[in-house]
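There are 6 protein chains.
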Amino acid sequence: MTDPTASSPAPARPSGRAPDQLREVRIERGYTRHAEGSVLISFGDTRVLCTASVENRVPAFLRGKGEGWITAEYGMLPRATHTRSDREAARGKQGGRTLEIQRLIGRSLRACVDRSLLGERTITLDCDVLQADGGTRTAAITGAYVALVDAVNELIRSGEIKPKGGRTPVFGAVAAVSVGIWKGVPVLDLDYAEDSDCDTDMNVVMNDGGGFIELQGTAEGHAFRREELDAMTALAQDGIATLIGLQREALAG
Amino acid sequence: MTDPTASSPAPARPSGRAPDQLREVRIERGYTRHAEGSVLISFGDTRVLCTASVENRVPAFLRGKGEGWITAEYGMLPRATHTRSDREAARGKQGGRTLEIQRLIGRSLRACVDRSLLGERTITLDCDVLQADGGTRTAAITGAYVALVDAVNELIRSGEIKPKGGRTPVFGAVAAVSVGIWKGVPVLDLDYAEDSDCDTDMNVVMNDGGGFIELQGTAEGHAFRREELDAMTALAQDGIATLIGLQREALAG
Amino acid sequence: MTDPTASSPAPARPSGRAPDQLREVRIERGYTRHAEGSVLISFGDTRVLCTASVENRVPAFLRGKGEGWITAEYGMLPRATHTRSDREAARGKQGGRTLEIQRLIGRSLRACVDRSLLGERTITLDCDVLQADGGTRTAAITGAYVALVDAVNELIRSGEIKPKGGRTPVFGAVAAVSVGIWKGVPVLDLDYAEDSDCDTDMNVVMNDGGGFIELQGTAEGHAFRREELDAMTALAQDGIATLIGLQREALAG
Amino acid sequence: MTDPTASSPAPARPSGRAPDQLREVRIERGYTRHAEGSVLISFGDTRVLCTASVENRVPAFLRGKGEGWITAEYGMLPRATHTRSDREAARGKQGGRTLEIQRLIGRSLRACVDRSLLGERTITLDCDVLQADGGTRTAAITGAYVALVDAVNELIRSGEIKPKGGRTPVFGAVAAVSVGIWKGVPVLDLDYAEDSDCDTDMNVVMNDGGGFIELQGTAEGHAFRREELDAMTALAQDGIATLIGLQREALAG
Amino acid sequence: MTDPTASSPAPARPSGRAPDQLREVRIERGYTRHAEGSVLISFGDTRVLCTASVENRVPAFLRGKGEGWITAEYGMLPRATHTRSDREAARGKQGGRTLEIQRLIGRSLRACVDRSLLGERTITLDCDVLQADGGTRTAAITGAYVALVDAVNELIRSGEIKPKGGRTPVFGAVAAVSVGIWKGVPVLDLDYAEDSDCDTDMNVVMNDGGGFIELQGTAEGHAFRREELDAMTALAQDGIATLIGLQREALAG
Amino acid sequence: MTDPTASSPAPARPSGRAPDQLREVRIERGYTRHAEGSVLISFGDTRVLCTASVENRVPAFLRGKGEGWITAEYGMLPRATHTRSDREAARGKQGGRTLEIQRLIGRSLRACVDRSLLGERTITLDCDVLQADGGTRTAAITGAYVALVDAVNELIRSGEIKPKGGRTPVFGAVAAVSVGIWKGVPVLDLDYAEDSDCDTDMNVVMNDGGGFIELQGTAEGHAFRREELDAMTALAQDGIATLIGLQREALAG
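Residue numbers (the numbering used here), protein chains in the order written: chain A, 1 to 253; chain B, 254 to 506; chain C, 507 to 759; chain D, 760 to 1012; chain E, 1013 to 1265; chain F, 1266 to 1518.
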């Protein structure tokens, strides 16, 4: 690993970005009309449509407890990718990668919700990738948070949820980004070209208090060392702070 | 049935449109980057992403015959509709309605392709509904045609397909529209509100020669009579002529 | 297309029938013993066993509304056809064609039933093809109607359903037939040999008032024109009138 | 257990038959047209359509070995029974009972076939129950044997299979019957009413040399003793000898 | 068949055992900690983990009847066998053999339980094969009986079930063994090498009163004759008496 | 978070272990007979049977490349847990948790294998949980490594694989352990009681060079901070060093 503090110049990223530079992020609220929250988020060429749907029922294990539930589903359009993938509905099952990602999104968003304030409601975050260029799961989490806030705010505005002692169901904010070691350099927000060619790939989910919600690192080429871990989490921390700012701007807009 | 030629005023459609008026149609080519053809088509609030993917293989029943294949898959994002529907990939199978629609799309587009000029290639048209407001299958067919032409033109430009005697694989054009009897009046291009409240619903697929490719009429309330059938097919004929003009403009654009 | 009114002789159909001639139709009631209605219908060599089963429950979406439900399932024995097809139960799913046909049968029969007079009961029409020679779905609809009437009459005879103001749940009659353009000639009731070799294939469902319930036309070879549509629907109208007469005779028998 | 040789009168069977009396058996060859062998067999009110289909391929584990394969599939029409059962194709899987029965049919028929004389062919016996009144699996085996012989004879007649040294693929004959202990009396060929009310139920498959191919006995009420086993197998032996005579007559007819 | 009473020496079994000799049987109670009954049973190299799980609910068809239910599930670890088999969970369904075996285990154990004394409880016997060397289903039945007794005794000890008139839910004992004709000799308790090479294979389930619960014989090579059947059932009777003794010892231990 | 270096006494773990203390680890090689490698590993009451199966074929995407493949499957016996879980084979699919774990095991072990030295072979690691008490995935990885080494050594001993330049397919060692924050204290190797009650749960996979292979941390209660991350990874590093020592001992044994 190259010491990221060393003076020798890092190799240029395929995208031309600086190691700590995010791709251009766009967050478009109200992208579709029916959902209680609907956000099209782009991390560069990665585009994910995130909708939040409110239903007045909860899974069996929560019935009668007065609590709500937050869950997520993830999908990729067959031609979101370079070559066409089979449609999971046609194959008759969701693949392991899909299930893994949607479990991650669900856990991440539950970490910023006080479900006791939600009543017996389920909010489902559907994250569908329209175009993929790396980082679809981190874009999904970041966009789904905005859709979730829109849906909850609507419940509050309409009086269906009443804040208790000023507290509303969503506390804090959650966003996610990928980091990796690319040709020895810790880099932020990998696109597909970088992701295919990196030694380590880590997805980081954090809240606006700088705490870690999820950390999933995988050595692709060689095992990564503690100082690489430190460099990657530091990059992620800065990237996520920026993303949380962008979420705030979008929600204020 | 009210005679559509009679002078008594027809009741106003919920959309405020004249009986023979299409919704606003937009056709956006190149909506996503990876597919050989990629079109976002809107019929009013109905929005369908149609991609055409080229693969150098054919289904088993065509292997070694030197012919190509055109097929379609259809999906609806879970929250494309007023209330959330189950994700078919999660339920583990495609419903009857989905299968019926994707078979219709495939048959319709095969009707304008000379598969012997395609070589042993499959072009898959994925039609994914981002937002639904009635007429998703007719929008899908109309948009998929444009995506198909883009994909075939790219094969020609790159020299992978060589026209024979000036003929290219796609001959003519195909478009589709729904018609119905709404409160006794034959109307063109039903939106969801009209579709839920009409007596008869018919989907019509035609080519640019004015021939019928598919005709699927269903009496919802009462059986429809021959003169209603005639009025509906006449409306469809005009509507499809307009749509084929819009396809041409989009492809010229 | 050959003008059907022209004097030049039409080519002989493989079956030797006149263009407007049905195959021999047999309707055998009480074919099996357990079902409330059980009809073996033959359109020539096409033989379909149609049973009507009454159950005292309705699907979830109708519970508590006091209405009944009519639904259909369709199957083909693996060796009903020239070459053996996979058994759908063994493959683990019903194919698109099967689902499409059983949806059509269900819709067609619901069109002649006042479900509010049925009480919270479901009548399931199982249509199983013992031998296939074209037109299985139209034979199924025509036979299932007879089985349905038998089942409903039994409910009335046993006092489980009481007619209101003289009205019973089944009003009118429903039958179906296929028509097509075969070597330029509009012909009625296609058998397999004709179906495989025709330009257009249309399934028509009508009631005894001469109204259309369903119309599904597909251009196999070339697009069909309005005058062909007119000729086909006229043929269907006559054929269905004959079939409804045969249903009546069978029910009177 | 009542000693079947004792003089005290046995209770009358619901069917009025003597303890060692078969139901009326009918074997109708050529019931459908497409299959290489097609037999409708009735054991009283139990009716099973057995078809034999020849295909020029074998399962993967036999490829290239020059041997053939015999396999069976079993199905029950949804309303073959007193109350409607779910359609297995709609449920998406075959139940344990179905799989168990079709494995039994397959094993039983393989016991009378020299597969090395069959060439690389698969013969599939489809046994579909049109009406059930007990004993469907034994009727299926008895009828499938006749369909199998018809299919193999056709292969011989057409010269596709050439007997070696006078030997043809099917040697001997196979038939099956159920026996049971009903109210203490060993009885032959249980119908549904007897089967539902008996203490022991045994299915026996034998060949024309009097050897056992399969023996499956289940104590429903109380465990059965060796002398009951002996009485039941003796009854079965006689019943099967009769059935094999009827198969021969049918094949000679 | 060689007369087993004749003086000419029988060929030595691959295992070196005498024709009427069981493999070494070990029954280890309390093998795992969570289940109400948990037994590791070995028949030689065949090792099956049998657990009994008590749940306070019954299947739909028994609800409200005050009776309990006994059911079984069977599985084989993918590498329990000489070559690896596909994992059924990964293939998405249980094979016919698995379903057949688990139905057999369930029926066999229900034969020694008075379900009216069980209350509305289900006891599930999970039989998972850790290592297979022939006879897995008979070992499973024999071991599951011990697990079942442990689970029921625990329900009695804890007062959840109160014996009525001194009667407890489990009456008698049930065990199972395989027998076969190997190179003309009737032999007891086939291991894999013998099973692969025998002419007839029979699984026998009996109770401690010497009655037959289940008898399933299959001719693998040639049909078996009545005197072979007699010899096999006699061998089974002795073997099962020994197994029931071993169950008793284990339960007393 | 309590500073782990602070002097105030940490609360006692339910298991009575020191914060940095592993449970008793046992590694039993050759647990079953058929597999090329077969290891029963226990982390306290968690017991996982890990088998390595060698097959002379590779998945389609590797065919003809001269490389091998390492993959894993994971299962849990239905009553490995406190209450019985549904059998995945009976439910017809593997759950998201199962797929996630088996993907993790596969990736972890591929990280210590040079697949180009393996030839076109697949080694499948089946990890089946016989008894669960927390940490099943980390026990599975640690045990599967030993089974893998046994299988590869056997391939070398038998000459099927020839080391190139002294290099053999497995380089280094891989082991895994869980760490967490339990009542504010970073603790090693969580059992079920601790896992259910902890704020953060992290699974760490490392190699014998001290590099990270996988790191998966999840905030259950509150987000974790960088210093907690550091404390957890330090604990894991020590625990894994111990585990790798135990693997070595077992392999030397």
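Since the hints were derived computationally from the structure, they do not count as laboratory data.
Among the hints, erroneous ones may be present.
[Unchecked claim] Computed list of lysine to any residue pairs in SDA-like fashion (alpha-carbon distance at most 20 Å, straight line):
(1) Lys-852/D with Gly-464/B
(2) Lys-599/C with Arg-356/B
(3) Lys-346/B with Lys-599/C
(4) Lys-346/B with Gly-92/A
(5) Lys-599/C with Glu-88/A
(6) Lys-93/A with Lys-1105/E
(7) Lys-1105/E with Gly-1357/F
(8) Lys-689/C with Ala-343/B
(9) Lys-93/A with Lys-1358/F
(10) Lys-93/A with Ala-849/D
(11) Lys-852/D with Glu-1079/E
(12) Lys-599/C with Ala-849/D
(13) Lys-93/A with Gly-345/B
(14) Lys-65/A with Glu-100/A
(15) Lys-346/B with Glu-88/A
(16) Lys-1105/E with Asp-845/D
(17) Lys-599/C with Ala-343/B
(18) Lys-1105/E with Thr-1387/F
(19) Lys-183/A with Arg-225/A
(20) Lys-599/C with Ser-844/D
(21) Lys-852/D with Ala-343/B
(22) Lys-436/B with Arg-420/B
(23) Lys-93/A with Lys-599/C
(24) Lys-1105/E with Ala-343/B
(25) Lys-1358/F with Ala-343/B
(26) Lys-1105/E with Glu-859/D
(27) Lys-1105/E with Thr-857/D
(28) Lys-93/A with Arg-344/B
(29) Lys-1105/E with Gly-92/A
(30) Lys-852/D with Glu-407/B
(31) Lys-346/B with Gly-95/A
(32) Lys-318/B with Asp-367/B
(33) Lys-852/D with Gly-92/A
(34) Lys-599/C with Glu-407/B
(35) Lys-1358/F with Arg-225/A
(36) Lys-852/D with Arg-1115/E
(37) Lys-599/C with Thr-857/D
(38) Lys-93/A with Gly-1361/F
(39) Lys-1358/F with Gly-95/A
Okay, the hints, checked on the actual structure:
no.	hint	result
1	Lys-852/D with Gly-464/B	43 Å, violated
2	Lys-599/C with Arg-356/B	17 Å, holds
3	Lys-346/B with Lys-599/C	9 Å, holds
4	Lys-346/B with Gly-92/A	5 Å, holds
5	Lys-599/C with Glu-88/A	15 Å, holds
6	Lys-93/A with Lys-1105/E	13 Å, holds
7	Lys-1105/E with Gly-1357/F	5 Å, holds
8	Lys-689/C with Ala-343/B	47 Å, violated
9	Lys-93/A with Lys-1358/F	9 Å, holds
10	Lys-93/A with Ala-849/D	17 Å, holds
11	Lys-852/D with Glu-1079/E	29 Å, violated
12	Lys-599/C with Ala-849/D	7 Å, holds
13	Lys-93/A with Gly-345/B	5 Å, holds
14	Lys-65/A with Glu-100/A	27 Å, violated
15	Lys-346/B with Glu-88/A	9 Å, holds
16	Lys-1105/E with Asp-845/D	18 Å, holds
17	Lys-599/C with Ala-343/B	16 Å, holds
18	Lys-1105/E with Thr-1387/F	23 Å, violated
19	Lys-183/A with Arg-225/A	15 Å, holds
20	Lys-599/C with Ser-844/D	17 Å, holds
21	Lys-852/D with Ala-343/B	18 Å, holds
22	Lys-436/B with Arg-420/B	46 Å, violated
23	Lys-93/A with Lys-599/C	13 Å, holds
24	Lys-1105/E with Ala-343/B	17 Å, holds
25	Lys-1358/F with Ala-343/B	11 Å, holds
26	Lys-1105/E with Glu-859/D	15 Å, holds
27	Lys-1105/E with Thr-857/D	14 Å, holds
28	Lys-93/A with Arg-344/B	8 Å, holds
29	Lys-1105/E with Gly-92/A	13 Å, holds
30	Lys-852/D with Glu-407/B	44 Å, violated
31	Lys-346/B with Gly-95/A	14 Å, holds
32	Lys-318/B with Asp-367/B	14 Å, holds
33	Lys-852/D with Gly-92/A	14 Å, holds
34	Lys-599/C with Glu-407/B	37 Å, violated
35	Lys-1358/F with Arg-225/A	37 Å, violated
36	Lys-852/D with Arg-1115/E	17 Å, holds
37	Lys-599/C with Thr-857/D	16 Å, holds
38	Lys-93/A with Gly-1361/F	11 Å, holds
39	Lys-1358/F with Gly-95/A	11 Å, holds
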